[in-house]
Amino acid sequence: MFSATQTAGVGILCLCGVVASPALAYLGGDASSVSADRVALRGQRSDQPMLQYDLHVITAATGTVVNEYTSRDNRVFAITWQGPTPPDLRALFGAYFAGFQSAAAASAATRAGAHRQLSLVQADFVFRAAGHARAFRGRAYVPSLVPAGVAADDLP
Amino acid sequence: MPRFPRWTICLAAMSLYACGGGGSGGGAGSVSGPSVAGAAGSVYAAGGANVVSVTVGPGPSAGSSSFNVPYASVTVCVNDTNSCTTVDHVLVDTGSTGLRLMASALNGLPLVPESDPSISGNTIAECLPFADGYTWGSVVRAAIAIGGESASDVPVQVIDDNASFSPPAPAGCTSNGSSLDSVAAFSANGVLGVSLFSQDCGRYCEQSTGNYDWYYSCTDSLCHSTLEALDSQVVNPVVLFATDNNGVILQLPSIPAAGAASAAGYLVFGIGTETNNSLGSATVLSADAATGEFTTTFGGQMLSGSFIDSGSNGLFFVDSTIASCSSSVGDQFYCPATTLDLSATDQGNNGNTSTVSFQVANLSTLSDANFARDDVAGSASSIAGLGADYFDWGVPFFYGRTVYVAIEGQPAGGTVGPYFAF
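Residue numbers (the numbering used here), protein chains in the order written: chain A, 1 to 156; chain B, 1 to 422.
Looking from chain A toward chain B, a few residues come up when the C-beta cut is under 7 Å (computed): (1) Pro86; (2) Arg128; (3) Ala130; (4) Gly131; (5) Ala135.
None of these hints come from the bench; they were simulated from the model. Every residue gets a Cβ at the ideal spot worked out from N, C-alpha and C, and that includes glycine.
Please model the entire structure based on the sequences and the hints provided.
Here it is, written out as structure tokens:
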């Protein structure tokens, strides 16, 4: 799941336990709400503090792994996923979901790669996904929230 | 589980189909022919029992046409009756699993939804996720005939493109993105998924403890996600044929670099089951049993999430040195100043390798009238770092090539699937 060449941030890997906490998680939302995603995805969670961001790994009961990246000011700035089925994008994208859904609809017919991939670059939301049944992967991030020096397109 | 063809139904359907053929292959500038050399010199003739015509050409309507979409026709019948219709312009897709037909293309055929065995009165519906959205609709049981092969009681998805099905897609389905419930979304009246898997979901939907949200048990007003037994899932129709049921071969003819108005090729059922479908000297590349993927090495990078996919309209891979097309042409496609000659090496899990040479033309210079194009390429959706970077070998890969897709767990030409061979 994690490449050997992780960019941006060398820190101590800490596999911490699950921290129970209220509130709803979404891209751009408060980091304390990452626990809500774990509950929504019925998953296991591990937390890994890095130099410039924290990484929270949620393994959903479906087997799909979701990485949530939170900045030093506690905002979820990027999400990546990989697994046999997509995660719940509505829960993970929060306020960005509606714009994502309508942009995806706008270009469906003659898209490069038909329905095996999609790249969307909006004013402050980037979505890149690819795959097929049993093997989906993707990332989404809010450029204005990405910490300086972090290459969001390279996050594992 | 054995499936027995309903010969009384299928005889009528087959004679309709064999006379009508699978779509036109003519037109100015087209390069096609009734005889295309296959592996070991075998020649496929349309109309043979295990051979069906495939045409790359215009779509079912002016607003639903795209280049590089290979089409076949499928006959579908209400189970145990003579009530049938033939659906043309069905996308032949080695990258997905299962037969899916637009509701609007069924001419009102009253296909019977699959029942939920554990809740009386409920029927099964499915939400199939794609990278950019989903298809939603009822799962029915139908008899089908494709070329000379047939099966009855086949689970098929009816894509609800005309709001004829209730209820509409639930929230767990629409969270996948945009609805692909339209002929325009696929430039096709349906999808014939003939991948190397037996069902679309497999054990995940049979055993998962999570909200898998693919299969639903529905009244006409409410659905809840449910587990689904393997033999009730939307199935690769090939596995239900009485014979020739271990895989498929897709072969498209060579075409000029500038493209062709259309191209006529073949979809052949079975590998090593008849005199016309032997592996010959094709190289077998075993695929990952969970994902169906293999490794492509290109530009010094090992791309472990690669796949061979006739549902994809070009070759897609990351190469930042190749210029992108303008947004009016599509900035996901490549438009190099001059045609590039490139190569990549595919490697199966069995260690076999095969080097593939291919060309990347400037898409903006190709005529809109040419629906068959063997040198279209574009950028893969960059997922760097997720360990599953990929090379998508789409339709251009198939021109001038005989491509074998062997189904998981099936002995095919001496090797058990899943594998690709070419």
